[in-house]
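Residue numbers (the numbering used here), protein chains in the order written: chain A, 1 to 318; chain L, 319 to 813.
Certain hints may be false.
[Said to hold, decoys possible] A few chain A residues that face chain L, going by a derived Cβ cut-off under 7 Å, partial list only: (1) Met-1; (2) Leu-2; (3) Arg-4; (4) Ala-6; (5) Arg-92; (6) Gln-93; (7) Arg-95; (8) Glu-104; (9) Arg-108; (10) Pro-250; (11) Tyr-307; (12) His-309.
Since the hints were derived computationally from the structure, they do not count as laboratory data. We treat Cβ as the ideally placed atom computed from N, Cα and C, and that holds for glycine.
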Amino acid sequence: MLSRVADSLYWMSRYLERAEHTARLITVNLDLTLDLSHASVDQGWARAALSLGLTPPSPADAAALAQTLVFDPSSGSSSIVACIMTARENARQVREQISSEMWEQLNRLFHELKRASLTDLASTDPIEFLAKVIEGMHLFHGVTDSTMAHGEAWRFIQVGRYMERAVDIATLLRAHFHELGARDSSIDPRDHLHWIALLKSCTAFEAYCKVYTADPKPDRIAEFLLLNPEFPHSVRYAVDRLHNGLEALPDMAWTKKSSRLTRLSGRLKAALSFSQIEEIMQSGMREYLDSIQEQCGQIHAALYQIYIHYPIESAVEA
Amino acid sequence: MAPKQEIVTRSGSSPFRNYAFDSSYYDEMFEAPGVPRRHYQALYDLLLDMPGEEFRRRKQAADLSFLHQGITFTVYGREEGTERIFPNDLLPRILTDQEWRRLEKGLTQRILALNLFLSDLYHEGKILADGVVPREIVYTCKHFRRQMRGLRVPKNTYITVVGTDLIRYPNGEFVVLEDNLRVPSGVSYMLTSREVMKKVFPVLFRECNVLPIEQYPQTLLATLRALAPPGRAEPVIALLTPGVYNSAYFEHAYLARQMGIHLVEGRDLLVHNNLVYMRTTTGLQRVDVIYRRIDDDFIDPLAFRADSALGVAGLFNCYRAGNVTLCNALGTGVADDKAIYAYVPKVIRYYLDQDPILPNVETYLCSEEKERAHVLANLDKLVVKAVGESGGYGMLIGPHSTQAERAEFAKRIEADPRNYIAQPTIQLSAAPCYIDGGVEPRHVDLRPYILFDGDRVHIVPGGLTRVALRKGSLVVNSSQGGGSKDTWVLESTES
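Next comes chain A alone, as it looks inside the complex (with noise of 0.2 Å):
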C-alpha cells in the first residue's frame, strides 16, 4: 500500500474518533447541565474543554462552547464538523482504497452535518442531532468492518482509531481527576454527577455498573476506565487493540526497525496490563496519564517513521 494512503487512512480513523468522542461528550455535557446550579454550569463547560485537551473558555464564553465544539468550521479547530470534514478530505484522498459503501456513509454524514450546520445548535434539538452523529459513525464503523477486507489498510483504519481512543480517554480522565480531586475513594456528593458524567463520556456507565454496582468511586472509575481489559472504552482495550493492530502490519523487510514499534507498543500494553490502581493512585494519576499519552506520541512518532516518512536511501540500499 502507498504510503501516503496509509497516511490517510490512518489520520480518517483519527479524526472521526474524535468527532464521535466529541459528540458524546457534548451529549452528556448537555444532559448534565440540566441539573447543575448556574455557576457549575460554566465550571461543566470548563471541565468539558478540559477534557478535549482545549484551554478553558472564559465564563462568558462557556456558553457559546457547545455551539463551537459543534460547528466550527474553521481548520484547526477540533470542532466535529471540522473532524468530519478532515476526515472526508482524507477519505476523498484514498477514495479508491475504501469500500464505496463506506465512503457514502461518510459522504451522506457530511452532508448532513454541513446542512445542519447553516442552523443555531440551540435552535434544534442537539441531543438528538448530536445522536443522529454518533448513530452515524458507528454505522461506518460497521460498515467498514462488514465491507472491506481486513488487511493493511483496515489495520491503518483500527490502528488510527485506538490510537486515538487511548489518548482522548487519557485527556478525558487527566481533566476529570485534576478538577475533581483523586481524594481515596469517598466521593464529595456535590461531585456525584461529575463522575456519572464521566462514566457516560465513555459509554461506561451500565458497562461499570455490572461490575462494581452503581456505586461510582473515583478509584474504581479509574479503574475501569484505564485498565479494565473488556471494555472497548477503555485505556486498556485501545492500546491492547492498538498493539495488535501494530503487530500486524507488513515487516519491513528491509529494515530493522518495525520491532521497535511493536517494542514500543508492547511496553505500554504490557504496563496497563500488570498495573494496579492503588500503585497509580499513590504515585500519582497525573504522572501516569503524562506517561501514557508521552508513550503514545512515541509509538506514533515510530510508525510515521517505519511507514510513511522514511528515508530513500534506506529503501533504495536494501
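Let chain A serve as the given structure and place chain L on it in line with the hints.
Chain L in isolation, oriented as in the chain A frame:
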C-alpha cells in the same frame, strides 16, 4: 428571423406540453411534431404514462445518489462550492445499432490514422516531406514535443485512450468536432450515470435491449497491461493524478478502484537508477505502466515545466529508456490541435488510403490569409476557437456574441492568427431533457471513448452525451454549465 417552431402536443397535462419542435436542427427523439422515432417509442410511451410526481421522485432519488456517491467535479476560480455534482439528465439519449456501427468504423479509422500520424511526426516525418501537412503548422503547435523525436514507444502506440467529440448536422449525419488525444475525461460519468439509470428505469432498460458498457474498466486495464515494457510479465500499473483538487479527481479515484490499480500522486513516485518506484508501506515498489492524467507540461519538472509540483523528477528519462510506459504517450496533443484538425481527412487518406467515414466540420485556419479574411468578415456567423484551449474556454460563438466581443476577437486573431480557427455555427442536435417538470429539447453532443492497445481498437457502445442545459445554448462543456445523459445503444433486433 425566428426559427419555425411547433409544439409537439397541446394537451395541457402532457409532459411534452412545452416541447418545441424545430426543424433547423436534428431532433433526436421526434421525426415530426408528435411522431417519435421508432427507437424512442418506448421512452415516449413511458413518459406519457408516468405521473409527473413519480418522475420527480425518481429524479430526486437519482440526484441524491450522485451527491452521496460524491460524483462531483470541481469548478475552478470559485471559492465556495468548488465541489459540484455533475448535473445529470435522466432521459437517456438513444442510438440505434446501425448508427453505432457506422460511428465505430469511422472512429476506428480515425484513431488508427492519427496514431500513424503521431508516429510519423516524431520519426521520419514523411507526411511533412510530402507536403500533405505543412511543417510550419506542426512545429508551431505548442503541444509538439521535440523531446519525443526519435523516441520509440511500446508497440508504436501513442494514443491509448481517446475521447472524440461528435455532433450531428441538421440532416442527422454525425461529424467529428474535435479529438481529445491528451487526457480525455468524463468516462466515469458515462459509467456512473449508467449505474444510476439502471436503478431508476429498470423496466425500460430491460425492454430496450441496451448494449452494456460496464466492461470499460476491464478493457482499459487490459489495454494498459498490453503496453507494459517488454519482459515485465506482471506489470504494476498506476494511475497518476494531479490530486484531490483536480476537477476530475473523482474520475481518477473511480477508475483506479474499478481497475484495482494504485492511484498515485507525483509525491508518491520517485526515480532511482532510471526506474520508477512508488513509496509503499513495505518499501519501494517498481511501477511499469502509468496511466497519467497529468498534462505533458507538468509530468516531469526536469524535462518540461520546472515549476511543476505535480510531476516526478526524472520520469521522462525512464520513459526514454523504455523502463516505464506512459499512457497516453507524451506529445500527442499535436494531433488534436484545432488547426491540425483541419488536415485530419488528408491524414486519413495519406496513411490508410481510404476516404474518411466520419466527416470533419468545415474549418477555416486564421493562419491562411484568405481564410482569415473570410473569418474576420463573418465573425457574427462563425464559431472562433483558440487552438490550444479546451473545455469551452477561449471561444467566441458569433451569433450569440456582442459587437464588443467580436471586436476583441478580431484583435486577438490579427495579433496571433496561428492560434485561431473558425467553423460555421452548427445547430447541434437536440435530445429530450427533463426540465421543470416537463420535457424539453436541449442541444447535445456525443463523446465516445476509444481504447487502442497497439493491435486493436475497442469502443464501448455508448459514450458521454453532454447536454447544454440552458435553453438555446450550444455549449455543452461541464465547466460552462453543461450536464450529461446516459447514452444507450440498442442491440440490433434483426439478428
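Q. Quick one, is the Ala-6(A) hint okay against chain L at 7 Å, beta carbons?
A. holds, 5 Å
Q) Under the criterion of a CB-CB separation shorter than 7 Å, is Arg-108(A) in contact with chain L as hinted? A) Hint holds; Arg-108(A) Cβ to chain L Cβ min 5 Å, cut 7 Å.
Q.
Holds or violated: the hint that Pro-250(A) contacts chain L, with Cβ atoms closer than 7 Å.
A. With a minimum Cβ separation of about 5 Å from chain L (threshold 7 Å), the hint on Pro-250(A) holds.
Q. Quick one, is the Arg-95(A) hint okay against chain L at 7 Å, beta carbons?
A. Given a least distance of 4 Å, the restraint on Arg-95(A) holds.
Q.
Just to be careful: measuring from the Cβ of Met-1(A) to every Cβ in chain L, is the smallest value less than 7 Å?
A. holds, 5 Å
Q) Going by Cβ atoms only, is Leu-2(A) closer than 7 Å to chain L? A) holds, 5 Å
Q | chain L contact restraint for Gln-93(A) - C-beta distance below 7 Å | A | holds, 5 Å
Q) Going by Cβ atoms only, is Tyr-307(A) closer than 7 Å to chain L? A) holds, 4 Å
**Q.** Interface hint status, Arg-4(A) versus chain L (Cβ within 7 Å)
**A.** holds, 5 Å
**Q.** Status of the hint placing His-309(A) at chain L (closest C-beta pair under 7 Å)
**A.** violated, 9 Å
Q: Mind checking the CB of Arg-92(A) against every CB in chain L and telling me if the closest is under 7 Å?
A: This interface hint holds because 6 Å falls under the 7 Å limit.
Q.
Next item in the hint list is Glu-104(A). Is there a CB on chain L closer than 7 Å to its CB?
A. Where the cut-off is 7 Å and the nearest Cβ of chain L is about 5 Å from Glu-104(A), the hint holds.
Hint 12 alone, counting from the list given before, is not met by this structure.
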